[in-house]
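Note that the protein sequences, when read in sequence, are chains A and B. Quick note on numbering: the first sequence equals residues 1 to 332 in this note's numbering. Quick note on numbering: the second sequence equals residues 1 to 332 in this note's numbering.
Note that these hints are calculated values from the structure, not bench results. Any given hint could turn out to be false.
Repeated chains share a single entry, so a pair holds when one copy, or any two copies, can fit it.
As the list claims (entries may be wrong) - Below, in silico cross-link-like pairs of lysine-lysine (DSBU-like), each with a Cα-Cα straight-line distance of 30 Å or less:
#	residue 1	residue 2
1	LYS258	LYS275
2	LYS71	LYS186
3	LYS76	LYS135
4	LYS86	LYS186
5	LYS135	LYS52
6	LYS326	LYS71
7	LYS89	LYS258
All values derive from a computational prediction rather than experimental measurement.
2 protein chains.
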Amino acid sequence: MKRIAVDVMGGDQGPKAVIDGVLMAREELSDFTFVLYGNEDQMKAHLPENMKQIEIVHTTEEILGEDEPVKSIRQKKDASMVLAAKSVKNGENDALLSLGNTGALLASGIFIVGRIKGIERPALMPVLPVENSDKGLTLLDAGANASCKSKHMVQWAEMGSFYSQSIRHVENPRVALLNNGSEFDKGDELHQEVYQLLSDRPNINFIGNIEGNEVLQGKADVLVADGFSGNVMLKTLEGTASTIMGVLKENLLNNGLKVKVGAGLAKPAFKEISKQFDMAIYGGAVLMGAKAPVIKVHGRGDGRSIYYAFHQVDEMLKQDLVQQVKQAFDKK
Amino acid sequence: MKRIAVDVMGGDQGPKAVIDGVLMAREELSDFTFVLYGNEDQMKAHLPENMKQIEIVHTTEEILGEDEPVKSIRQKKDASMVLAAKSVKNGENDALLSLGNTGALLASGIFIVGRIKGIERPALMPVLPVENSDKGLTLLDAGANASCKSKHMVQWAEMGSFYSQSIRHVENPRVALLNNGSEFDKGDELHQEVYQLLSDRPNINFIGNIEGNEVLQGKADVLVADGFSGNVMLKTLEGTASTIMGVLKENLLNNGLKVKVGAGLAKPAFKEISKQFDMAIYGGAVLMGAKAPVIKVHGRGDGRSIYYAFHQVDEMLKQDLVQQVKQAFDKK
C-alpha cells in the first residue's frame, strides 16, 4: 500500500478540490490510501459514503496564505500541513501533498520531512508544457532559493535528470541553463561557473544556455535556473499567457456580432491550445531533495489537477525516485 | 537642426528598413537631418531621388551579429556603428540609432559616446506595452549589466522616472522593483537592499515589488530589475507571446474549414490585440546614462519601428533628457 498524506486546507476551493481529486483517482490507484489532514467539519459535505481507501485525520489549525513560512510551521503545531508533514517524517505515510502556502510547504519539506544527505539546497521543480514534446520541461529551481551557489545548481541538474528520465520517461535528458545569452561566457560569475561545471560532468547531457524566449520551444528536457530568475521566468511565462488569453477573450466577445460568431466557430482551435499548454497533466511542483515526495499543487488547483498529482506521486513511489537520488548523492 | 547618426548596416532587412523609416518620418520631423552611416552601394537602390534632410557617410566595415562586442568596436575602426558613434562623441551629430549587435551598441554608447558623470552603470531601457495604460512600462535594466549593485539600480529608478515623466508624459511615475514576491523582505540580499533604498528616496514614487506575472498588468510606470533577471523576464515575455500567437495561428488554420472561416470572421479581434501589444510605438530601447540619446531598435525592426524611434529621439532631444539626467547626477 502507498499512503499519501494530503493537506486539504490550503487550496482556494478548500477541501472540495482535494476530495474531488481523490474520487477521480481512487479506482485507478487501488493501492493508495488517501490520508486527509484537515477540519473534519469542512470536509464532511464533500466526502463520499463509501470511504474505501480514505482516512481522515481531524486537525484544528490551518496555515494561511499570508503566514510567515518558517514561523508558522513552528507555531501552528496542529496545522493540517504540519501534522501531514510529521506523519511522513515518522514513516506513517509515504508522501506529502498540499495546495497551501508554498513557503510553508517548502519549510515543512526541508525542516520536518528533511533533506536527503548531501543535498544542501532542495529545489522547487514544476514541469512545464512546451512545443514539440509531450514530455514537458522540468524546471528547477522555480523559487525555493532566492540565492544559491554553483554547486547547488549542479545538484539540481542531476536531480532534474533523474526525474526527467524516471518519471517523464526521457532517455538521456537534455539539460540546459537559463541564462542571458547563448555563449559560454554569458551571465554573471555564478552562471559562467555553472556552465563550466555542467560541461565537465560526464553524467549530465548538458546542451548549453537557453534564453527566456526559448523556454517554450522544446529544446531541452531539464532547465536549471537560479531560484530568483527561475521564479521570475516562470511567473512571467504564466502571467503573459494569462494576459494574452484574457485580452483575446475580451476582444472576441466585444468586437461585434461577426467576431463573436467567428469566435464560436473557431472554438476547437482555442480548445486545442488549452490542451497543448495544459500544465495540470504533469502534476504539481516537487520539492526535489526532500526525503520523501513533497508535492505542491497550485492553490487554484481543482480535482483534475489533484488527480494528476496523485498519479505523479504514484510514479515517484513506483520508481523509488527518492532512493535513486539518495544513492547518487551518498556516493559523493 | 537635430542631426541623428543612423547605423544602417545592422538590421535583418539591411538599409531598406532604415531608409523606409526615414521616408516615413522626414516630413513630420522637418528639423531633422538623417545622417546614414553604411555601405553606399547597398543603400543606393533604396534611396529617394529627393535627398532633402538626408546625408550619406559611406563606410567600408560592418559589425556582425556574432562579433564580440568590445573587441569588434576596437578592431573595426571603420564600421558604420563605430563611425556613427564617433560622430556623436565629436558633437557632429546629436543622437545614435542602430539595429545592429546589441552588445556592440552598448559598448559604443559607453566607451565611444561616453557615460554621464556619476552614472556608473548605464542601463538598457525598452518601454513595454501593458494593459490599462497607453503610457507603457519603462523597464531598466533589460540586460546591459549581467551583475550590478544596489546603488546602480537606484540610479536606474531615477533615470527611468525622468524618462517616464518627460517622454511618456506620466505624472509622478510609479516605480516598482522586479522581485520574487511582494513583501519587503523578498528576494536575495541585493533586492532587499534596493527595496530599502528605494523606499527611502523622497524623489522616487516607489510602490513596492512586482512579480513576473504582474508585469503586463499596468500596475507601475517604471520597472527596475537587475540586468540578469530583467533580461530573462523580457525575453520570456516576448517568447511566450510569440509562441502563443504562433500556436494559435497554426490551430486556426489547421482545424478544418469551419474553424478557418471562424478565424476569418474574428480577425478584427486579433488585429485589436496586435494593436494593444504593439511595442513599436514606444520606439527603441534607450541606453540610459550615455551622454547622448543612443537607441537600439530590434534587428527585426521595419520602417514603422524606425519611424517611431525617430519620434522618440525627437522627444528626447526636445526635452533635453540627457541634460536633465546630467544635472540630477552632477549635484550628487
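Quick rundown of the hints versus the structure:
1. LYS258 - LYS275: Answer is both: 26 Å inside a copy and 19 Å across each meet the 30 Å cutoff.
2. LYS71 - LYS186: For LYS71 and LYS186, only the inter-copy Cα distance (15 Å) is at most 30 Å; the intra-copy one is 38 Å.
3. LYS76 - LYS135: neither (39 Å within a copy, 46 Å between copies)
4. LYS86 - LYS186: between (43 Å within a copy, 27 Å between copies)
5. LYS135 - LYS52: Neither, since 33 Å and 59 Å both go past 30 Å.
6. LYS326 - LYS71: Result: close within a single copy only, 29 Å intra versus 47 Å inter.
7. LYS89 - LYS258: Close neither inside one copy (60 Å) nor across copies (56 Å); limit 30 Å.
Comparing the model with each earlier hint shows violations of hints 3, 5, 7; every other hint is respected.
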